[in-house]
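Novice: Sequence:
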Amino acid sequence: MLLEASPAATAVAKNEAARAAIDETLVARIERIVRCRTGGRIRDLRVDVSEKRVVISGQTTTYYAKQLVTHAALDEIRDRALTNAIEVQ
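Numbering that gives the first Met the number 0 puts the first residue of the sequence shown at 0, with every later residue one more than the last.
Please keep in mind that the hints were generated in silico from the structure rather than gathered at the bench. Some hints here could point you the wrong way.
[Claimed, not checked] Here are the in silico distance ranges between beta carbons for each label pair: (1) Ala27 with Thr61: 22 to 28 Å; (2) Thr60 with Ala20: 31 to 37 Å; (3) Thr82 with Gly39: 18 to 24 Å; (4) Arg34 with Arg79: 17 to 23 Å; (5) Ala20 with Tyr63: 32 to 38 Å; (6) Arg79 with Gln58: 18 to 24 Å; (7) Arg52 with Ala20: 26 to 32 Å; (8) Ile21 with Thr61: 17 to 23 Å; (9) Gly38 with Thr82: 21 to 27 Å; (10) Leu73 with Ile21: 27 to 33 Å; (11) Val87 with Ala20: 15 to 21 Å; (12) Gln58 with Arg31: 26 to 32 Å; (13) Arg45 with Ile21: 15 to 21 Å.
Cβ atoms here follow ideal geometry from the backbone N, Cα and C, with glycine treated the same way.
Using the sequences plus the hints, can you model the full thing?
Specialist: Okay, here's the thing in structure tokens:
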């Protein structure tokens with residue numbers, strides 16, 4: 000017996016897929032701008048995006064580079080909170 004997904008379930012799945020694509024695009028944009036603005040000074044750069052928050056992690060040697068990350072990311076996100084978890088070593 001073949002079961003068909005309900006229209007509501009199909010719409011939810013499409014919405015989730017669209018959101019995932021938007022999130023992947025946002026991650027790529029943030030990674031690119033952080034690398035450009037910091038001159039590659041962030042090691043092990045990682046950007047995690049959720050519905051309400053962006054978390055950026057990695058390591059650098061200066062607080063200045065960490066601050067550059069914050070400003071670069073804030074230029075790209077509008078409706079999400081930012082957590083800069085870059086470690087200065």
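Novice: Would you mind marking each hint as holding or not holding in the structure?
Specialist: Status of each hint after checking the structure:
1. The given range of 22 to 28 Å is respected by Ala27 and Thr61, whose C-beta atoms sit roughly 25 Å from each other.
2. The beta-carbon spacing between Thr60 and Ala20, approximately 35 Å, falls within the hinted interval of 31 to 37 Å.
3. At about 22 Å, the beta-carbon gap between Thr82 and Gly39 stays in the expected band of 18 to 24 Å.
4. For the pair Arg34 and Arg79, the beta carbons lie near 20 Å from each other, so the given range of 17 to 23 Å is met.
5. Checking the proposed 32 to 38 Å range against Ala20 and Tyr63 shows it holds: the Cβ atoms sit about 34 Å from each other.
6. Restraint check, Arg79 to Gln58: a C-beta distance of roughly 23 Å satisfies the suggested window 18 to 24 Å.
7. Range check, Arg52 to Ala20: about 18 Å between beta-carbon atoms, so the 26 to 32 Å window is missed.
8. Range check, Ile21 to Thr61: Cβ separation about 32 Å, and the 17 to 23 Å hint is violated.
9. For Gly38 and Thr82, the Cβ-Cβ distance of about 23 Å falls inside the hinted range of 21 to 27 Å, so the restraint holds.
10. At about 18 Å, the beta-carbon gap between Leu73 and Ile21 misses the expected band of 27 to 33 Å.
11. The hint said 15 to 21 Å for the Cβ distance between Val87 and Ala20, and at roughly 33 Å that hint is violated.
12. At about 19 Å, the beta-carbon gap between Gln58 and Arg31 misses the expected band of 26 to 32 Å.
13. Between Arg45 and Ile21 the Cβ separation comes to about 19 Å, which falls inside the hinted range of 15 to 21 Å.
Violation of the numbered hints given earlier is confined to hints 7, 8, 10, 11, 12; the remaining hints are satisfied by the structure.
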